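**Student:** Since the structure of chain S is already known, use the hints to place chain H on it.
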Amino acid sequence: MSLAVEDLERLARLARLHFSPEDVTRYRDELNTILTMVDTLKAADTSGVEPMAHPLDMAQRLRPDAVTEANEREKLLAAAPQTEGGLFVVPRVIE
Amino acid sequence: MNLHELELHELKAGLAAGDFSATELTEHFLARIVQFDPQLNSVVTSNADQARQQATAARGPLAGLPLLHKDIFCTEGLRTTCGSKMLGDWVPPYNATVVEKLNAAGMVTLGKTNMDEFAMGSSNETSFFGNVHNPWNLDFVPGGSSGGSAAAVAAGLAPVATGTDTGGSIRQPAALCGITGIKPTYGRCSRYGMIAFASSLDQAGVFARSAKDCALVLEAMSGFDPKDSTSADQPVDHYLVELDKPLAGLRVGKPREFFTAGLEAGTGARVEEALAELEKLGATIVDISLPRMDLCVPVYYVIAPAEASSNLSRYDGVRFGYRCENPQGLEDLHTRSRSEGFGREVQRRISIGTYVLSHGYFDAYYLQAQKVRRLVSDDFARAFADVDVIAGPTTQAPAFKLGEKSADPVAMYLNDIYTIAANLAGLPGLSIPAGLVDGMPVGLQLVGPAFTEGRLLNVAHQFQQATDHHRQKPAAFFGGSR
Numbered sequence: 001m002s003l004a005v006e007d008l009e010r011l012a013r014l015a016r017l018h019f020s021p022e023d024v025t026r027y028r029d030e031l032n033t034i035l036t037m038v039d040t041l042k043a044a045d046t047s048g049v050e051p052m053a054h055p056l057d058m059a060q061r062l063r064p065d066a067v068t069e070a071n072e073r074e075k076l077l078a079a080a081p082q083t084e085g086g087l088f089v090v091p092r093v094i095e
Numbered sequence: 001m002n003l004h005e006l007e008l009h010e011l012k013a014g015l016a017a018g019d020f021s022a023t024e025l026t027e028h029f030l031a032r033i034v035q036f037d038p039q040l041n042s043v044v045t046s047n048a049d050q051a052r053q054q055a056t057a058a059r060g061p062l063a064g065l066p067l068l069h070k071d072i073f074c075t076e077g078l079r080t081t082c083g084s085k086m087l088g089d090w091v092p093p094y095n096a097t098v099v100e101k102l103n104a105a106g107m108v109t110l111g112k113t114n115m116d117e118f119a120m121g122s123s124n125e126t127s128f129f130g131n132v133h134n135p136w137n138l139d140f141v142p143g144g145s146s147g148g149s150a151a152a153v154a155a156g157l158a159p160v161a162t163g164t165d166t167g168g169s170i171r172q173p174a175a176l177c178g179i180t181g182i183k184p185t186y187g188r189c190s191r192y193g194m195i196a197f198a199s200s201l202d203q204a205g206v207f208a209r210s211a212k213d214c215a216l217v218l219e220a221m222s223g224f225d226p227k228d229s230t231s232a233d234q235p236v237d238h239y240l241v242e243l244d245k246p247l248a249g250l251r252v253g254k255p256r257e258f259f260t261a262g263l264e265a266g267t268g269a270r271v272e273e274a275l276a277e278l279e280k281l282g283a284t285i286v287d288i289s290l291p292r293m294d295l296c297v298p299v300y301y302v303i304a305p306a307e308a309s310s311n312l313s314r315y316d317g318v319r320f321g322y323r324c325e326n327p328q329g330l331e332d333l334h335t336r337s338r339s340e341g342f343g344r345e346v347q348r349r350i351s352i353g354t355y356v357l358s359h360g361y362f363d364a365y366y367l368q369a370q371k372v373r374r375l376v377s378d379d380f381a382r383a384f385a386d387v388d389v390i391a392g393p394t395t396q397a398p399a400f401k402l403g404e405k406s407a408d409p410v411a412m413y414l415n416d417i418y419t420i421a422a423n424l425a426g427l428p429g430l431s432i433p434a435g436l437v438d439g440m441p442v443g444l445q446l447v448g449p450a451f452t453e454g455r456l457l458n459v460a461h462q463f464q465q466a467t468d469h470h471r472q473k474p475a476a477f478f479g480g481s482r
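If you're matching them up, the sequences are chains S and H in order. The letter at position 22 of the first sequence is residue 22 when you use my numbering, and the numbering goes up by one with no holes. The letter at position 277 of the second sequence is residue 277 when you use my numbering, and the numbering goes up by one with no holes.
Keep in mind that the hints are not guaranteed to be accurate.
Below, computed lysine-lysine pairings styled on BS3-like, alpha-carbon distance capped at 27 Å [unchecked claim]: (1) 473(H) x 280(H); (2) 75(S) x 227(H); (3) 280(H) x 85(H); (4) 75(S) x 101(H).
These are calculated hints, taken from the structure and not from any lab test. In this text, all values refer to a predicted model and were calculated from it rather than measured experimentally.
So here's chain H without its partners, still in its complex pose:
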């Protein structure tokens, strides 16, 4: 049986019906990882032995269903690297709340996925453990920073995987790998045990083959957590119940700033087709404006590095993580441990962050960025007075080739031009497959007001009931079966 072709909810039903056991399911995906991951480099640490034990003992609403965790989530007793030499052999003494919740739901952890170092990247090329390949064409990037999770789900190495999204790190790789990925509202999932990059932007989420599968897992991993001081203290909606609502009367905002010269023609065409499909389902497309879109990337590259430079000061070679050989005094210990332990992109961002926070520049950069951030948030509030959701492309173009943008940091940063705004405003966003351009997938992005994950998943699910873009699979990993 080709278990890797089934969606998570189908696997759940199969387990309940006794068509296969949790052990068979776990063994199937562990074997897929051994067979196919050498081509992708999407898994950095296997959890095979523990996974087999979890499968036999599993209880809970998602009992026996396997997943991969992005290697940014702390897993007790299982190496957690965050894609960095700095944490190359670090074994956390505790679980992230997201991991704890999914364990409690009965899910089986197959392993940990590759990622850009400390989640800083849009191509998965900054990982200390080497780049990840896109399953649709191994010469192309999978996107980033959660590139390993996206590539693994797209190639059928796991039915679902966790990710994190600070400026697009779930939605962009979901789009480039042709799967569904959701970043919920800031504060919806606990950040406890999720290694910090930019604390006012970071949010956990999930990758799957369909919106319905995302709903299943997101509901289990969301909720208030007293261990995260920014966790949202409000009940989690029942996303599955909302999926079947018809879209008649839905008002969909189409921001004109997303459809300008930078948008590659094929990608634009797929997105227009997707919007037409939503219209057929009863939605009304409304032309809207988000006038500060062009300022989102600049705001992000002040706020995110500033927060990162502060968060990453904890890596000092003393309490945990990499320590240099033969330190000559404390300053040498700090300096060489950090210079040898961090890769180039991380050192670049720490430097930017240190600069924009330094004496004399704080007001002009950091404070100004925080003010423009509010203007961006206000633009969304104005738009949502007229529409229920906003829809547009997730990225400007399909995946690019490995190495193509490595030499130009600004060109790389512009990959997130359509996704960053939702992080700045703390809003939920998701990306669903919208078809192929020259054989490579592109995504339709939906963004909603705070805590409307249920609505976004509903729109995505209705779209997926009427189309089959999300059922397209990279042939090299699904040989002859479809």
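Here chain S stands alone, though its shape is the one from the complex:
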């Protein structure tokens, strides 16, 4: 199958990206080229094969629920574009 401009606009919205009208056709063509290459996967016989999510098939480790890290709030906030009173500032969300 092949993606249309409307599909690209939908993907952009999902990924919180914006493509200009000139860019959107170029991205569409590039994605279609890539997906044509990727589509060769569909012919592979994978019946009865377990999906491999992780190269070493390891299980997620657990640790005791105890505080191990220092509170680094000030250090972390220092990298934010805008803060106030120890909080991240964003544009008004609720009118």
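**Tutor:** This is chain H only, laid out in the frame that chain S set:
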């Protein structure tokens, strides 16, 4: 003294013997960077002042030995950009574990190296900070994504440098720049503080002039880390001890799928010569098959973008990184910060990832790719029942010209055709110089079973004891000295 011509272990011995001081060593390489990097664009941030301090205070097994870090590793107090406008002025509040370990070993950080944006690229042309040039010919690419690290080591701007490898980003630039580079087993080095691209594939490693130097640094940067939930909880082998084992009886698999029409003739010839050399050293070459090789690039371009689209959702213009001017509401803030902060290749991969994970396509693309990934891994397991290591070309051809493949993403992606399989299966791989084709270097790739880094370094070291490909240097940066 031409300190930049020496290998790391020779510099280590020189420091111990008092032939020169750590300060002299640091100043030498800082001066090399100032003199030569304008031609290469391999270093994006200098750490000169800190480096001088580190050199005077250095303690540890690698005390006073300088290195460059790929700009994907977080360095506390030192700008870390990941090659992106998104992190153009970001200063991390902590060190990556790899950085922490190499600091603790006494190494001196000279600066941070250029790279493809968020490690997405095979030519170092997607960096926000401009492309890197190949020291063997400035009109050619150095490979990617760790192109800055590879070019800097090849040009003698640092004796070693760190890198990361998600689909070939250490081995491919090592091959194209004529140096040695190793990607260890998935989980061998901590991913903590290593900016995430594709979490089930990303692995840290190192570039150097020789396998012996790689062994020195890899041993210091490896090991279990409770801060990385996928870190391998098993002891690190003593790679240096294994280097001197003879190769008699070694079984080397030669996968026939690596030697097909796509392999450029000169590159193929150098690799055949290298295999013949291994045979002379006592190895037996065994013809093997990895039947799903042709599916590795398609699998990768589903799994890597899928994981990337998820990992890169954190860049929202709120907590750190680039924020657009005058946002009109929260969605506009997210959307414009991301569209303005990410470059084209990153937006392309986020779009692919979003598509293959979206409702209705997940099974056909993502789940199918994960199933084929297992088949690829099974192919390796079958091959390693008969052989100790697998050997073949690292790339299909030597470096290509800047701009040559920029317009065709699929042609660019095929650069990693021989390297991706090891990432999919989580296996260690390395590339060593195998000689020149029309004056440009090509690499021999070795891949082994999980946690056989010691064996791979041993084979590479024995090869380098018998040959001098790894001693070839780009003349423009080593004027008249060799």
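**Student:** Which hints from the list above does the structure break, by number from lowest to highest?
**Tutor:** 3
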